[in-house]
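S.K.: Going line by line, the protein sequences match chains A and B. According to the numbering used here, the first sequence is numbered sequentially starting from 149. According to the numbering used here, the second sequence is numbered sequentially starting from 1188.
It cannot be assumed that every hint is accurate.
Claimed, not checked - Ranges of calculated distance between the beta carbons of each label pair, as one might list FRET restraints:
hint, chain 1, residue 1, chain 2, residue 2, range
1, A, D179, B, G1190, 21 to 27 Å
2, A, R209, B, S1267, 45 to 51 Å
3, A, Q162, B, T1200, 43 to 49 Å
4, B, I1247, A, Y187, 25 to 31 Å
5, A, N245, B, P1257, 17 to 23 Å
6, A, N245, B, I1199, 30 to 36 Å
7, B, G1271, A, M177, 41 to 47 Å
8, A, S222, B, E1262, 33 to 39 Å
These are calculated hints, taken from the structure and not from any lab test. Where is the CB? At the ideal position from N, CA and C, for every residue including glycine.
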Amino acid sequence: DQQVKQNSPSLSVQEGRISILNCDYTNSMFDYFLWYKKYPAEGPTFLISISSIKDKNEDGRFTVFLNKSAKHLSLHIVPSQPGDSAVYFCAASYNNNDMRFGAGTRLTVKP
Amino acid sequence: DSGVTQTPKHLITATGQRVTLRCSPRSGDLSVYWYQQSLDQGLQFLIQYYNGEERAKGNILERFSAQQFPDLHSELNLSSLELGDSALYFCASSVTQGNSPLHFGNGTRLTVT
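Construct all of the structure, not just a fragment, from the sequences and the given hints.
M.R.: Structure representation (structure tokens):
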């Protein structure tokens, strides 16, 4: 039961350009959405979140956009840096219960 | 450092055996979550506890069980192990007073031979 989907397993961008990672969800009850970053041999680390009452949240180089009608969210990284290379997971939950994760997108930022 | 501690880091055992994975949440966090990640796949939600009580259940096998103790640490018990149970098992914690991010430990890598 894949309630959160990341359809792109990998993405490669040039340093300095924009990285756009996408995520779709099926459960309309979700009210809280997050992006996590994961390096090898470490647990996922929280990056940015957005509640369902907003459509955009920005934190430095990272911006998350939420389109509730399309059940779609995206993460924009501008400008991309080599240190951003990692696996990115989107996640969603309802009232912080039962948080579901996508399969992840491996981002490679080339110098 | 997320403040979530998982032990052991690595575990190698044989099929049919039983193991226990341990998690200490961040100080003050009442909720504990368990996830399984197999072979570069996504994080599969197993189970969530809040202040000692089961709050939500995902695709957890009947051979697996978990509990959260009065001191809020949690254990995940895996029994009758199969080769396919080899995976990274992550624990995460959060303060569930409204929406808040989960904070993950570095995982326990289980290898079943």
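S.K.: Give a verdict on every hint.
M.R.: Here is how each hint holds up against the structure:
1. A:D179 to B:G1190: 21 to 27 Å: Given a distance of about 26 Å, which is inside 21 to 27 Å, the answer is holds.
2. A:R209 to B:S1267: 45 to 51 Å: Given a distance of about 47 Å, which is inside 45 to 51 Å, the answer is holds.
3. A:Q162 to B:T1200: 43 to 49 Å: Given a distance of about 45 Å, which is inside 43 to 49 Å, the answer is holds.
4. B:I1247 to A:Y187: 25 to 31 Å: holds, 27 Å
5. A:N245 to B:P1257: 17 to 23 Å: holds, 21 Å
6. A:N245 to B:I1199: 30 to 36 Å: holds, 34 Å
7. B:G1271 to A:M177: 41 to 47 Å: violated, 31 Å
8. A:S222 to B:E1262: 33 to 39 Å: holds, 37 Å
Checked against the numbered hints given earlier, this structure breaks only hint 7.
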